[in-house]
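Student: Here is what each chain is made of, one letter per residue.
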Amino acid sequence: MNQPPIIEINNVSYRYDRDNVLENIQLSVPKGAFLGLVGPNGSGKSTLLKLILGLLKVKEGEIFLFDTPQKSFKSWDRIGFVSQKANSFNTGFPATVYEVVASGLTKKVGLFRLPGSKEKQEIKAAVEAVGMEQFLTRNIGELSGGQQQRVFIARAIVSKPDILILDEPTVGVDSKNVQSFYEMLSYLNKKMDITLLLVTHDIGIISDKVTHVACLNKYLHFHGSMKQFETLDETDLSDLYGHGIHLLEHHHDHQGADV
Amino acid sequence: MIEVIRQYEFLQNAFLTGMIIGIIAPLLGAFIVVRRLSLIADALSHVTLAGIAAGLYFNQTFAFLSWLNPLYSGMVFSVVGSLFLERLRTVYKHYQELAIPIILSGGIGIGAIFISLADGFNTDLFSYLFGSVSAVSRNDLWAICLISIIVLVVIFLLYKELFLLSFDEEHAKASGIPAKSIHFIFIILVALVIAASMRIVGILLVSALMTLPVAAAMRMAKGFKQTIVYSVLFGEVAVIIGLVSAFYLDLAPGGTIVVSSILILLLVISAKKFIKVG
Numbered sequence: 001m002n003q004p005p006i007i008e009i010n011n012v013s014y015r016y017d018r019d020n021v022l023e024n025i026q027l028s029v030p031k032g033a034f035l036g037l038v039g040p041n042g043s044g045k046s047t048l049l050k051l052i053l054g055l056l057k058v059k060e061g062e063i064f065l066f067d068t069p070q071k072s073f074k075s076w077d078r079i080g081f082v083s084q085k086a087n088s089f090n091t092g093f094p095a096t097v098y099e100v101v102a103s104g105l106t107k108k109v110g111l112f113r114l115p116g117s118k119e120k121q122e123i124k125a126a127v128e129a130v131g132m133e134q135f136l137t138r139n140i141g142e143l144s145g146g147q148q149q150r151v152f153i154a155r156a157i158v159s160k161p162d163i164l165i166l167d168e169p170t171v172g173v174d175s176k177n178v179q180s181f182y183e184m185l186s187y188l189n190k191k192m193d194i195t196l197l198l199v200t201h202d203i204g205i206i207s208d209k210v211t212h213v214a215c216l217n218k219y220l221h222f223h224g225s226m227k228q229f230e231t232l233d234e235t236d237l238s239d240l241y242g243h244g245i246h247l248l249e250h251h252h253d254h255q256g257a258d259v
Numbered sequence: 001m002i003e004v005i006r007q008y009e010f011l012q013n014a015f016l017t018g019m020i021i022g023i024i025a026p027l028l029g030a031f032i033v034v035r036r037l038s039l040i041a042d043a044l045s046h047v048t049l050a051g052i053a054a055g056l057y058f059n060q061t062f063a064f065l066s067w068l069n070p071l072y073s074g075m076v077f078s079v080v081g082s083l084f085l086e087r088l089r090t091v092y093k094h095y096q097e098l099a100i101p102i103i104l105s106g107g108i109g110i111g112a113i114f115i116s117l118a119d120g121f122n123t124d125l126f127s128y129l130f131g132s133v134s135a136v137s138r139n140d141l142w143a144i145c146l147i148s149i150i151v152l153v154v155i156f157l158l159y160k161e162l163f164l165l166s167f168d169e170e171h172a173k174a175s176g177i178p179a180k181s182i183h184f185i186f187i188i189l190v191a192l193v194i195a196a197s198m199r200i201v202g203i204l205l206v207s208a209l210m211t212l213p214v215a216a217a218m219r220m221a222k223g224f225k226q227t228i229v230y231s232v233l234f235g236e237v238a239v240i241i242g243l244v245s246a247f248y249l250d251l252a253p254g255g256t257i258v259v260s261s262i263l264i265l266l267l268v269i270s271a272k273k274f275i276k277v278g
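Protein chains in written order, with the UniProt record's numbering: chain A, 1 to 259; chain B, 1 to 278.
A couple of the hints might just be wrong.
What the hints assert, rightly or not - Straight-line distance between alpha carbons at most 35 Å, and here's what the computed DSBU-like set of lysine-lysine pairs gives:
no., chain 1, residue 1, chain 2, residue 2
1, B, 180, A, 124
2, A, 176, A, 190
3, B, 173, A, 191
4, A, 71, A, 191
5, A, 227, A, 160
6, A, 107, B, 273
It should be emphasised that the hints constitute simulated quantities derived from the structure, not laboratory data.
Could you put the whole structure together from the sequences, leaning on the hints where they help?
Tutor: See below:
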């Protein structure tokens, strides 16, 4: 438990021109957590992600990644990222699932080198972890939105990152497949020991999978474990969150699920 | 046919060059097509035309430049054109396709000026525009061999980077591979292959040999490696059919090669339909 958090955000504020998008954010992602970062559209979630990933410059406050100040952080291969845009790629591209996942190793293998048998094993393992092994030789464009998203997750985890950051990964996933999609994420978290930071606008559906929750709407309104989150009642939530949030319909009993 | 080829050196040159560009043009073409850069090949081939016309004009007009092979001036123009093209694409960030008509018309414009200045290389020019079975010299063949070896080695070494760049440019940049330099190298390869191919297929039809076999391959391939293999296969078949028929029927090989590629494409499309129905 004494391990430093994977991501530590200290008093970070951010503004575009005059508008404050983020105000005094204090957030940490402990190792092994499955943290759901929830907030309505325009709440600054994407901005916070961009700050973490270094796509935007931190001007106020500081961010630590693996206990290193983000400015001097170099081991970006320890952080996997699956963007929302992953499912707006050119679906006509003639690439098999295997080829797409293999492309996740490009940087790791390095210039002028070809992937060897060790890499082939890693690719197969990543594809199995997301449950897509029977589609290895299929063209990516022939798959459903949810399957494609799984392939992109495999591409992100094939280089064995410690943490996987997912930005609204279920956009474009069939509603009937969303549940199994989150079960797969849970599997990555518990069995493969990958810390997850999941950004979504819908806490309801993930409430029985995540271990920690952070509610963001310009300010960080709540940050704690799922257990603490569940002790809040709905009026607290509405106050915290700004407006109504659907939690109750997915409220499952968590006895024994101490994670 | 093989007997005839053994007899004439010019036919050996033409067939060997044809077989070589039948490999490298579709190979690069596979990357060009999936990156939606097909029209860039067209723009660059027109710039190459300007270089050829300039070369022909110079070695006709200035005695001290008579050694100048238009193939080399074409290559230089093509590479310089590719650099301009990249520059324009960053100038007009939101209208990247605007770079193509600018470069394309610029190429034809300069070409037209040199052609009218020289006013006397009609037969030569025709072979540059539509290809020729008899125009490839031994020197051309060696130059094309060298270009092909460079292209093959670079593609082999940078295959995974080029694949990632083609499939997901943003991810490529985010993962820290030198996307800009690799794209730059790629565009120069395209310029070189265009210059190499034009002796056989002709300037106006070079881009066809880079795109048509790929278009056919994409209809039936599983994955990108297979797309490349099929593209090269179709490219080779088209070149051989095209050259043989060009020789016997006394036609411009550019025409026969492109028509063969289109026939292959139609065959693949209808075969696929037939299989689906059946």
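Student: Straight-line Cα separation of residue 176 (chain A) and residue 190 (chain A) no greater than 35 Å?
Tutor: Answer holds: residue 176 (chain A) to residue 190 (chain A) is near 23 Å, not above 35 Å.
Student: Are residue 107 (chain A) and residue 273 (chain B) close enough, with their CA atoms no more than 35 Å apart?
Tutor: Roughly 40 Å separates the two Cα atoms, so the pair is violated.
Student: Does residue 191 (chain A) sit within 35 Å of residue 71 (chain A), going by the straight-line distance between their CA atoms?
Tutor: Given that 35 Å is the threshold and the Cα spacing comes to 32 Å, the pair holds.
Student: Take the C-alpha atoms of residue 180 (chain B) and residue 124 (chain A), compute the straight-line distance between them, and say whether it is at most 35 Å.
Tutor: Holds: residue 180 (chain B) and residue 124 (chain A) sit about 30 Å apart, inside 35 Å.
Student: Measure nothing beyond the straight line between the CA atoms of residue 227 (chain A) and residue 160 (chain A); if it is 35 Å or shorter, mark the hint as holding.
Tutor: Holds, because 29 Å separates the two Cα atoms, which is no more than 35 Å.
Student: Between the alpha carbons of residue 173 (chain B) and residue 191 (chain A), is the straight-line distance 35 Å or under?
Tutor: holds (30 Å)
Hint 6 from the list above is the single one not met by this structure.
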